[in-house]
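Got chain A; can you put chain B on it based on the hints?
Protein chains: 2
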Amino acid sequence: MIKIIVDCFGGDKSPEAQIKGGLLALKNIPDVFVIFTGDEKIIKDVLAGEEYDKERIEIVHAPEVIGCDEKPTDVIRLKKESSLMKGIMMLRRDDSISGLVSTGSTGAIVTAATLLIGRLRGVIRPAFCPVLPTMNGGVVGICDSGANVDCKADMLEQFAIMGSEYMKSTYGVEKPRVGLLNIGAEAEKGDDLHKEAYKLLEANENINFCGNMEARELLKGNFDLVVCDGFSGNVLIKSTEGACLEMLKMLKKDIFSKTMYKIGALFMKKMFDKEKEFMNYQNYGGSVLLGTCKVIVKGHGSSNEVAVAKCIEQAYKMETGKMNERVEAITGRE
Amino acid sequence: MIKIIVDCFGGDKSPEAQIKGGLLALKNIPDVFVIFTGDEKIIKDVLAGEEYDKERIEIVHAPEVIGCDEKPTDVIRLKKESSLMKGIMMLRRDDSISGLVSTGSTGAIVTAATLLIGRLRGVIRPAFCPVLPTMNGGVVGICDSGANVDCKADMLEQFAIMGSEYMKSTYGVEKPRVGLLNIGAEAEKGDDLHKEAYKLLEANENINFCGNMEARELLKGNFDLVVCDGFSGNVLIKSTEGACLEMLKMLKKDIFSKTMYKIGALFMKKMFDKEKEFMNYQNYGGSVLLGTCKVIVKGHGSSNEVAVAKCIEQAYKMETGKMNERVEAITGRE
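Order-wise, the sequence lines are chains A and B.
For any residue, its number in the numbering used here is found by taking its place in the first sequence, counting from 1, and adding 8.
For any residue, its number in the numbering used here is found by taking its place in the second sequence, counting from 1, and adding 8.
Hints in this document: simulated from the structure, not taken from any laboratory.
Take these hints with a grain of salt, some might be off.
Treat identical chains as interchangeable: a pair holds within one or across any two.
[Stated by the list, open to error] Here are the simulated lysine-lysine pairs, PhoX-like style, with alpha carbons at most 20 Å apart:
1. Lys260 - Lys278
2. Lys261 - Lys284
3. Lys197 - Lys79
4. Lys49 - Lys62
5. Lys325 - Lys35
6. Lys183 - Lys21
7. Lys266 - Lys176
8. Lys203 - Lys79
9. Lys282 - Lys260
Bound conformation, chain A alone (with noise of 0.2 Å):
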């Protein structure tokens, strides 16, 4: 049995998307135990309407609330008893444990799995590995897409093992193409950071390098994996993800604009319904945080109950697929 910690509290549609997430889970994965921190009596209220197997949940009480202001180190400090510390702690203490969804604070989740949980040996930071639908059907992680704003060329060379390992246990890719986020295609581009981690990419054999990426190329499936500092992974994929879906408002708005739009967009209901499903985030999951001992997964803070269950089978996979002791192989030599 893979034990799995869901934090209840926190997120747009918490607690509801997170336990009936947890319990979607339980329906797909015959193997998986769902702890659920936070408020007992809410948790147990919106359980009480629900079927499922008792056997495999367990509730544990955890009645303080984070507020959306309060900075990492407070929570890690002052609330103790909030449904993400709880779970860390948990996390810390019972090896049975394999890890933790949390939709809540970035920060918080970062900073309390970092400290409290630690790293992988030989892992300098953990860093954050979305991924993203691309037009070939397959998917691209992205590693960090966030975490480390200030980053070394060593540091990016270990996303691109971590994001490799991630890619093969949870993606089933076989050999993850590597790209390294730059400016242009050529090896010279780039600021010094990014010309040193190219030649480390380069010379590291654990890793299928295949050179720079320029933003454009993300989405049409040449990488299965995007290597970048933290500050431009988030412009990245935040820009990425904002210019579908302001093209997809468009659409709509020029749709019910004319009589006959709306009549031509009947017929194309089902491929737009396609489209408008390929392009929903909540299908992929969460952003999984990469180097921790344990498996973290931060999920979109507007998750709803399918995008909870695919957060759940991401950390059941990344376990399943033993991904930390792989990276630990690498990273922890010497």
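Same frame as chain A, now just chain B:
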């Protein structure tokens, strides 16, 4: 008469697009004079079939061609007879000429302009400022989009000053709303560079600073100018363009996959045409280089004649709007 040089060689559709774009600008703007640089015979051949005001053009023979892989410094040293270098040298010597439009090598243009044309008084580094259309019908400038991969906070402050004056002079935006590209909206987000830049921008009275902007906001139209280091600015614009392009491709592919969708699309043809036109960068001209003593506009390598004419119009507006004088009035103090 405003004299603008058009570098006719460089770009996928050169020299036809450059020459015909020049003639189109003559038609659109009554007091523009165009100087074509490049192989005289070829230019005359293209002009032979066209009707235009012969009093408002000049051809300057430049027989050498710049290769794709040539280093910018080699171009300056060795290709003095190329269409770009001939143009740059004329611009340097002749005060009656206002600016230059080129669709050639970005690196060569930046290097030649910086070294041979020189910077405005007080300007630390010139920066690129392309614009993108926003969903509420306006445009947003992005400065710097790639000329400077390593930036200091005072450079970002100047990008805001130059970009603001550009949006005023060329797009008639009265009080450009300036955003700082960052990984979160709060003032304390980002690395040291962005925290320091935030403070400088906030304190500068020449700028209408509206706080940090997350990458996903770019197309919404809440900002008129985004200030960023050249690396993340490059990622921002290329990922946005890339995502829009890939979505259009997906839409097209999906429409052709079923007869019913094709029928629906017939009802919506005008709508799709409008959207394609909206996202066609050819309509928005080139990326201007801000901070040099003369106006320099770098058009996209695949510019057609409409795009080239737009670039000329941009150069014209920057000159007639006295953009450089206005920038120098701020940067040149002391």
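For each hint, the structure was consulted:
| no. | hint | in the structure |
| --- | --- | --- |
| 1 | Lys260 - Lys278 | both (14 Å within a copy, 15 Å between copies) |
| 2 | Lys261 - Lys284 | both (15 Å within a copy, 15 Å between copies) |
| 3 | Lys197 - Lys79 | between (37 Å within a copy, 12 Å between copies) |
| 4 | Lys49 - Lys62 | within (16 Å within a copy, 85 Å between copies) |
| 5 | Lys325 - Lys35 | within (16 Å within a copy, 64 Å between copies) |
| 6 | Lys183 - Lys21 | neither (37 Å within a copy, 39 Å between copies) |
| 7 | Lys266 - Lys176 | neither (47 Å within a copy, 35 Å between copies) |
| 8 | Lys203 - Lys79 | between (35 Å within a copy, 17 Å between copies) |
| 9 | Lys282 - Lys260 | both (14 Å within a copy, 14 Å between copies) |
Violated hints for the displayed structure, listed by number in ascending order: 6 and 7.
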